[in-house]
Amino acid sequence: MPSRIKKFLIDIYLQRRVIYELAKRDFQQQYMGSYLGVIWVFLQPLIFIGILYVVFTFGFKSAPTTSMPFVVYLISGMIAWMYFSNILSVTTGVIVSYAFLVKKGDFRLSILPIVKILSALVPHLFFVVLAIITAWINGYPPSFYTLQVFYYLFAMVVLLLGLSWITSSTNIFVKDVSKVVSIVVQFGFWLTPIFWQIEKIPAAYQWIVKLNPAYYIITGYRDSLVSRIPFWSHAWETFLFWGMTVLILYTGINVFGRLRPHFGEVV
Amino acid sequence: MKDTVIRLENVSKYYKLYDSPKDRLKEALHPFGKKYHREFFAIKNISLTVQRGEVLGIVGRNGSGKSTLLKLISSVLVPSSGTLTVQGKVNALLELGSGLNPQFTGLQNIYLMGSINGIAQHDMEEKIKEIIEFSELGEFIHQPLKSYSSGMKAKLAFALATSILPEILILDEVLSVGDALFRRKSFARMEQLISENRTVLFVSHNEESVKSICTRAILLDGGEMLYSGEPAETVNYYTELLHSKNRKKVIEQKILRKAPVQSNIEPEKNEEEVIQTKSKQYVKIHDAEIKDISIRTKTRGDRVKVLMNGEEYIIRVIVFLENAYDNVSLAMSIKNEKGIVVTGISPRLSGKTVDNKKKQASFVLEYNLTCCLCASVYFLDVFLMGDVGANNEVLCYVNDAVALKVIDSRTDAQMRFGLVSLVELVDVRS
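Just so you know, the protein sequences line up as chains A and B, in that order.
Taking the working numbering as reference, the numbering of the first sequence is continuous, increasing by one, and the terminal residue is 267.
Taking the working numbering as reference, the numbering of the second sequence is continuous, increasing by one, and the terminal residue is 430.
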C-alpha cells in the first residue's frame, strides 16, 4: 500500500473520537427544532415505502410478480437503497455544510463523510430490524444467513466512502457535481431492481444491470434477509463489485488528497 | 529555553486567480500539470523564525498579507513556494467565529472543540465551567451561536482557544470587537499564556496593544516583510507608512535609516544635558528642522536630564524654518517604554501658532511640564506642523527625541506606582 494512502487511513483511525462526537451531534441536529423530533428520521421512509406498496398493489391493480410476497421484496431492497442514496446525496455537500471546520487548519476533513455514514446508521439499523420482522411475519424467519446483512452493509459503506470522497471534494470546485449526484440517485431508483425483478430482463442484457454496484448490495440484502442465499454463490458478481469498489476507493483517496490543500482557498 | 517553533524560509503564497472555478479543478486533476491560472502574490519571500515564548505582533495595512501569513502558519493554506515548519499544536482564531458551528449552541461548540483537540471527558467538565465564566455568556451558552452578537462570538472563541492551551496561539484581530473590560481580561489571560512559555502571534490594528503585549513585531506591506524589530519601532514605521502620501519615499528613507541614525539635531554645547536615545528617529518631510530640545527647571532655567516626581519643568524646543509656513505649531507626546502615550499636546488649533513669512527663521517654543510621572524612563516625541498648500501637515518630527528619566525623590515614603501619580494621601482621621 503506498504510504500516502496508509497515512490517509491512519489519520482517520486517530480521529475516531472526533468522528463519534461529530456523528452524535449530526444525528441530533437532524431533528433539532422540529416537534416530532427524532420520529421524522423514521417516519418519512416508512411513508414512502407505504405509498410504493399501495400504488403497486392497488393503484396498478397488480403488484409485480416476485418470488416472494411483494411487501417483503420491496422492503428488503428499499432499505438498502434508501441508505445508499441518502448518504450519496448528503455527503456530496458535506464539506460545504461543515465549512467552519475548513478554517481549522489541522482538522482532517476526510472524516466528514464517515460522520454522515455513521449518523445515518442508527435509523438504517432500525429499518433492517423492521425488514427482518416483515419477512418473519410473511413466513421467512431469521436464520444464519441473516447475519450476511452486515457483510453487505460493510460492502456498501466501503463503496460509499470512495464515492463520497470523490463527490464531496470535487463538489467544492464544481457545483454541478451535486446536480449530477441527485440525477444519479433519482434514476438509480428506477434502474436498480428495487421493485422489479432482474429476471424480467432478457438474459442477454442482464449484465448491464449487474454493472451497477447498488445491484449487488440490494440483491445481497434480499438474499440475507429473505432468500437465504450465501454471498459466495455469486462469485462473479462479488468479484466485479469489489474490483469496482477498490478502484473507486483508490480514486477517492487520491482525488481527496490532491484537492485538500486547495479547500482553504475556495470554501 | 530558546527553540524555534515556527520557521519560514522564503515562503511565498500566491493565489491562483481562475476565470472560472472549473479551471481550478481541471488544473488540480490535470495529469501533465497544465496551468490554467494567473498569479497574485499575497506573501512574497518571507523568511521568519519565531522562538518559543515570543509574542509576535504583525502590523500592516488591509490586504498586506497578514491574514494570509497566519493562515499559512495555521495550515489552512499551503505555501506556493518555500518551506514552512511549525512545531506544536496551533490554535488559530482567524476570523470572527471561525471554527465554530453557527447552528450549535455555545455549549455544544465547546464540547465539539474539546473532542477535536483531544481533551479527555473528565477534564472537559472543569474547562467548561471556566470557559463559560470567562466568556461571560451566562444563559446564552444554551443558545445557538448564530444568535450571538459579534462580541459574544469573539469572547467565546477567545475563551475556548486559550483554555485549550495551545502551544501556539494565533489571534487575528479578534479582540477588537470585545469591550474594554473584556480586552483587559483577555490581555491578562494572554500574559498568563506567555508566562507559560507559549507562543502568540497577534494581529491588531490597535497600536497600543501591539506595543504593550508583543515582544517583537513585524510590518508587512504588499506581501513583503518590511521590518522586524521592537514593537514600538515597528508601529512607528507602520504609522509613518500609513499616513504618508508618498509611501515609496518612506520605505526608502527607512532603509537608509537602518544605517546608523544620522541626527540633524544640533544641540548646544552641553550635549550630555539631555539623555540621547538609541532609538531616536528624525524624519524631515518639508523644509523645517527641530534644532534643539532641552528640559529646564521652572525656577532657575537650568538644563536637567533627570526629573523629579512632583516638580515643574519647562520643555524648550528650538525650531528652524527654511521656508515660509503659516500656522506653525509643535505637538508633542510623552510615552513610556512600551510606547503607551502618557500625555500629549497639540496647540495646532489654539491660535498660539506662528505665521512665518520669512525664510530661514528660528523660533523658540516653551512648554510647561508638571512632572507627575512615576519613577521610570519616558520618551518624548515632537511633531512640527505647518500649512503646506491648503493642509496643515507634519513638516518634520522626531520620535524618541529625548529620554526623560524620572526619579521619585520625595521623602514621604508613599509608594507611587503606575504611569502617573495623581493621588496623594493628605489626611487620616478617625
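Derived from the structure by calculation, the hints contain no laboratory data.
It cannot be assumed that every hint is accurate.
[Claimed, not checked] Part of the chain B face toward chain A, derived, beta carbon under 7 Å: (1) N101; (2) S115; (3) K146.
[Stated by the list, open to error] Taking lysine to any residue pairs in the SDA-like style, the calculated list, with each CA pair at most 25 Å apart, reads: (4) A:K24 x B:F104; (5) B:K185 x B:L241; (6) B:K16 x A:V177; (7) B:K146 x A:V177; (8) A:K175 x B:G389; (9) B:K291 x B:K146.
Computed from a prediction, not measured in an experiment: that's the story for all the values here.
Positions of the beta carbon are idealized from the N, C-alpha and C atoms, including for glycine.
Verification of the supplied hints:
1. Satisfaction of the interface hint for N101 of chain B is found here, the shortest Cβ-Cβ separation to chain A being roughly 5 Å, below the 7 Å cut-off.
2. The beta carbon of S115 of chain B comes within 4 Å of a beta carbon in chain A, closer than 7 Å, and the hint placing it at the interface holds.
3. Because the beta carbon of K146 of chain B sits about 11 Å from the nearest beta carbon in chain A, more than 7 Å, this interface hint is broken.
4. For the hint linking K24 of chain A to F104 of chain B, the alpha-carbon distance of about 12 Å falls within 25 Å, and the restraint holds.
5. For a cut-off of 25 Å, the pair hint linking K185 of chain B to L241 of chain B is broken: about 31 Å separates their Cα positions.
6. Restraint check: the Cα-Cα separation between K16 of chain B and V177 of chain A comes to about 22 Å, which is no more than 25 Å; the hinted pair holds.
7. For the hint pairing K146 of chain B with V177 of chain A, the CA-to-CA distance comes to about 29 Å; that exceeds 25 Å, so the pair is violated.
8. Pair hint K175 of chain A plus G389 of chain B does not hold up; C-alpha atoms about 56 Å apart against a cutoff of 25 Å.
9. Under the criterion of a C-alpha separation no larger than 25 Å, the hint pairing K291 of chain B with K146 of chain B is inconsistent with the structure, at around 59 Å.
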